[in-house]
Amino acid sequence: MIIAEQKPLKEIIHNLEGHRNILVAGCRSCVAICLAGGEKEVGIVAEALRVYGEMHGKLWTIEEITIERQCEKEWVREIQAVVSSKDAILSMACGVGAQVMQEIYPDIRVVPGLNTSNMGAPEEQGIWREKCAGCGDCVLHLTGGICPIARCSKSLLNGPCGGSQNGRCEVNPDSTPCAWDQIYHSLKRLGKLEFMEQIIPPKNWITSHSGGPRLIVRQDAVLTPEEKAEKGVPK
Amino acid sequence: MKAGSNLERVLESGNFAVTAEIGPPKSASSNIVKQHAQMLKGYADAFNLTDNQTAIVRLSSLASALICLNEGVEPVMQMTCRDRNRIALQSDLLGASALGIRNVLCLTGDHQTFGNEKGAKNVYDIDSIQELMIFKQMRDEKRISGGEELEEAPKVFLGAAENPFADPFEFRVIRLAKKVAAGADFIQTQAIYDMDRFEKWIEGIRERGLDKKVHILAGVIPLKSVGAAKYMKNKVSGMIVPDEIIDRMKKAKDPKSEGVKICVEQIEHLKTVKGVHGVHIMAIAWEEIVPEIVREAGLYPRPQV
Numbered sequence: 056m057i058i059a060e061q062k063p064l065k066e067i068i069h070n071l072e073g074h075r076n077i078l079v080a081g082c083r084s085c086v087a088i089c090l091a092g093g094e095k096e097v098g099i100v101a102e103a104l105r106v107y108g109e110m111h112g113k114l115w116t117i118e119e120i121t122i123e124r125q126c127e128k129e130w131v132r133e134i135q136a137v138v139s140s141k142d143a144i145l146s147m148a149c150g151v152g153a154q155v156m157q158e159i160y161p162d163i164r165v166v167p168g169l170n171t172s173n174m175g176a177p178e179e180q181g182i183w184r185e186k187c188a189g190c191g192d193c194v195l196h197l198t199g200g201i202c203p204i205a206r207c208s209k210s211l212l213n214g215p216c217g218g219s220q221n222g223r224c225e226v227n228p229d230s231t232p233c234a235w236d237q238i239y240h241s242l243k244r245l246g247k248l249e250f251m252e253q254i255i256p257p258k259n260w261i262t263s264h265s266g267g268p269r270l271i272v273r274q275d276a277v278l279t280p281e282e283k284a285e286k287g288v289p290k
Numbered sequence: 004m005k006a007g008s009n010l011e012r013v014l015e016s017g018n019f020a021v022t023a024e025i026g027p028p029k030s031a032s033s034n035i036v037k038q039h040a041q042m043l044k045g046y047a048d049a050f051n052l053t054d055n056q057t058a059i060v061r062l063s064s065l066a067s068a069l070i071c072l073n074e075g076v077e078p079v080m081q082m083t084c085r086d087r088n089r090i091a092l093q094s095d096l097l098g099a100s101a102l103g104i105r106n107v108l109c110l111t112g113d114h115q116t117f118g119n120e121k122g123a124k125n126v127y128d129i130d131s132i133q134e135l136m137i138f139k140q141m142r143d144e145k146r147i148s149g150g151e152e153l154e155e156a157p158k159v160f161l162g163a164a165e166n167p168f169a170d171p172f173e174f175r176v177i178r179l180a181k182k183v184a185a186g187a188d189f190i191q192t193q194a195i196y197d198m199d200r201f202e203k204w205i206e207g208i209r210e211r212g213l214d215k216k217v218h219i220l221a222g223v224i225p226l227k228s229v230g231a232a233k234y235m236k237n238k239v240s241g242m243i244v245p246d247e248i249i250d251r252m253k254k255a256k257d258p259k260s261e262g263v264k265i266c267v268e269q270i271e272h273l274k275t276v277k278g279v280h281g282v283h284i285m286a287i288a289w290e291e292i293v294p295e296i297v298r299e300a301g302l303y304p305r306p307q308v
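Protein chains in written order, with our numbering: chain A, 56 to 290; chain B, 4 to 308.
Be careful, since some hints might not be right.
In the BS3-like style, the derived pairs of lysine-lysine whose C-alpha atoms are separated by at most 30 Å in a straight line are [claimed, not checked]: (1) Lys62/A to Lys124/B; (2) Lys124/B to Lys186/A; (3) Lys233/B to Lys259/B; (4) Lys186/A to Lys121/B; (5) Lys258/A to Lys145/B; (6) Lys158/B to Lys258/A; (7) Lys247/A to Lys233/B; (8) Lys139/B to Lys258/A; (9) Lys216/B to Lys247/A; (10) Lys121/B to Lys233/B; (11) Lys247/A to Lys215/B; (12) Lys247/A to Lys139/B; (13) Lys215/B to Lys243/A; (14) Lys121/B to Lys243/A; (15) Lys124/B to Lys65/A.
Stretch by stretch, here's where chain A covers chain B in the computed footprint (C-beta under 8 Å, at least three residues) [what the hints assert, rightly or not]: (16) 134-148; (17) 164-178.
Pair ranges (Cβ atoms, derived) [stated by the list, open to error]: (18) Arg146/B to Phe250/A: 23 to 29 Å; (19) Ser32/B to Ser263/A: 37 to 43 Å; (20) Arg209/B to Glu179/A: 43 to 49 Å.
By construction, these hints were calculated from the structure, which means they are not laboratory data.
Quick caveat: nothing in here was measured; it's all calculated off a predicted structure.
Backbone N, C-alpha and C define an ideal beta-carbon position, used for all residues, glycine too.
Given only the sequences and the hints, what does the whole structure look like? Please build it.
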């Protein structure tokens, strides 16, 4: 899932400067799980903005809505009736959701309410950890199911650097385990320690952002113009 | 001979080698490197020029290496993967070789959050093992990592670092084996204070016969004060400083001379350890002490080979 956290209210207010009819739009997916942009958070932010408006004589109206997923056009289109009267949308989704929102409503300013951090997972209540860097060339089969690209501060592919001590990463010893220490112990448990001896050659980063924005096309799933017309898919 | 550097000749002839470090300044002036080179000339077989050590912006290792070369002092140019992708690393290697730099040390590099540009976008396109692979291929096969042929191959003696004091300890010998397989001709270790752990590590190296395949230079750092010892124990990750060393520094009337004494004792001991082919003296911001250490350790004059 995508992990995000709310921007400071002060920054949100600053970024909404000059707008009068604002829709606070939440997302029930990833950002709801990481307690950043779901229905509850939307309610809190919207209320905070209303109170701020009243206290500071701001003539703005704040409405709120939360949809299933802001990253999918179909869900975003469904709120057209609510959106059309607004001059700004505070998107409480990840960066993907905010961009899809802007794409569907190109004439209304979309302001991000969250800072999107990473692809990760909940570790325990209130703690989320990055797990994947989306580099497009997975090596988890060689590394005991632990990603060295996302979880090693230096993205090393051939073992821990000289700063790994007591299983901790030197960059943030209090909060970050050394990914290669974890890989070592995982491979040991799995009886695959010989993988540690293998030299992993320089990585092909073309599949990462180094190759430019990525695009996946499943030709078998793409609709023909006729099929699009038949299903009423908007152009 | 792979590169014909002085360091390579000393090591290949079976002499106990000495390398030392010269830290480039936070300055655009060549004076400090020049002065250090003049002062240290003859006291080591080659001198490491650190590459923005601890991610602090400094005079580049390439420029510093050239300044040394102009002073008649042989450089070991350090090259970290932190700041350059494989295009820049290979380009700088060709440049270094063209300028007559014959020793290169391949390093991953300290993370930028430790330096004075914490907000920098790091690179880490390749790691130090991959850097060794690429440089070896350039030298021995005359091809860049992408496969294209070079008109002229770089002539470099390739080094790498290893830290016997980092974890997981059991992996440290394997990591060295990987560096040797990738192309390391010589290894400089992290500074040794915990001699027991170092000896355990080198035993693992000997068991695998790695000491026959690569030249190992054991790292030492002379201590200036008890504060420096405590700092290294508590703040520098990947370092183990036993309490016994800290006690000695604490009790010493003249901490600086005690630091030199400890360092010389360490070198004397390391000379007797099988598999150790030399020492690497890292007198961080205390370069002027190197001649005394080298003399006291009975390593002066350096062999002419």
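Against the structure, the hints:
1. Lys62/A to Lys124/B: holds, 22 Å
2. Lys124/B to Lys186/A: holds, 20 Å
3. Lys233/B to Lys259/B: holds, 15 Å
4. Lys186/A to Lys121/B: holds, 23 Å
5. Lys258/A to Lys145/B: holds, 21 Å
6. Lys158/B to Lys258/A: Distance ~25 Å between Lys158/B and Lys258/A Cα, so the pair holds.
7. Lys247/A to Lys233/B: Outside the cut-off at roughly 39 Å; violated.
8. Lys139/B to Lys258/A: At roughly 17 Å apart (the allowed maximum being 30 Å), Lys258/A and Lys139/B satisfy the hint.
9. Lys216/B to Lys247/A: holds, 26 Å
10. Lys121/B to Lys233/B: The given pair, whose Cα atoms are some 25 Å apart, holds under the 30 Å limit.
11. Lys247/A to Lys215/B: holds, 28 Å
12. Lys247/A to Lys139/B: With Cα atoms ~29 Å apart, Lys247/A and Lys139/B stay inside 30 Å; holds.
13. Lys215/B to Lys243/A: Between Lys215/B and Lys243/A the Cα gap is close to 28 Å, so the pair holds against 30 Å.
14. Lys121/B to Lys243/A: Violated - the C-alpha atoms of Lys243/A and Lys121/B are around 35 Å apart, more than 30 Å.
15. Lys124/B to Lys65/A: holds, 27 Å
16. 134-148: Coverage by chain A holds for the stretch 134-148 of chain B (3 residues, Cβ < 8 Å).
17. 164-178: Result for this restraint: holds, n = 11.
18. Arg146/B to Phe250/A: 23 to 29 Å: Once the Cβ atoms are compared, 27 Å apart, the range 23 to 29 Å for Phe250/A and Arg146/B holds.
19. Ser32/B to Ser263/A: 37 to 43 Å: holds, 40 Å
20. Arg209/B to Glu179/A: 43 to 49 Å: holds, 45 Å
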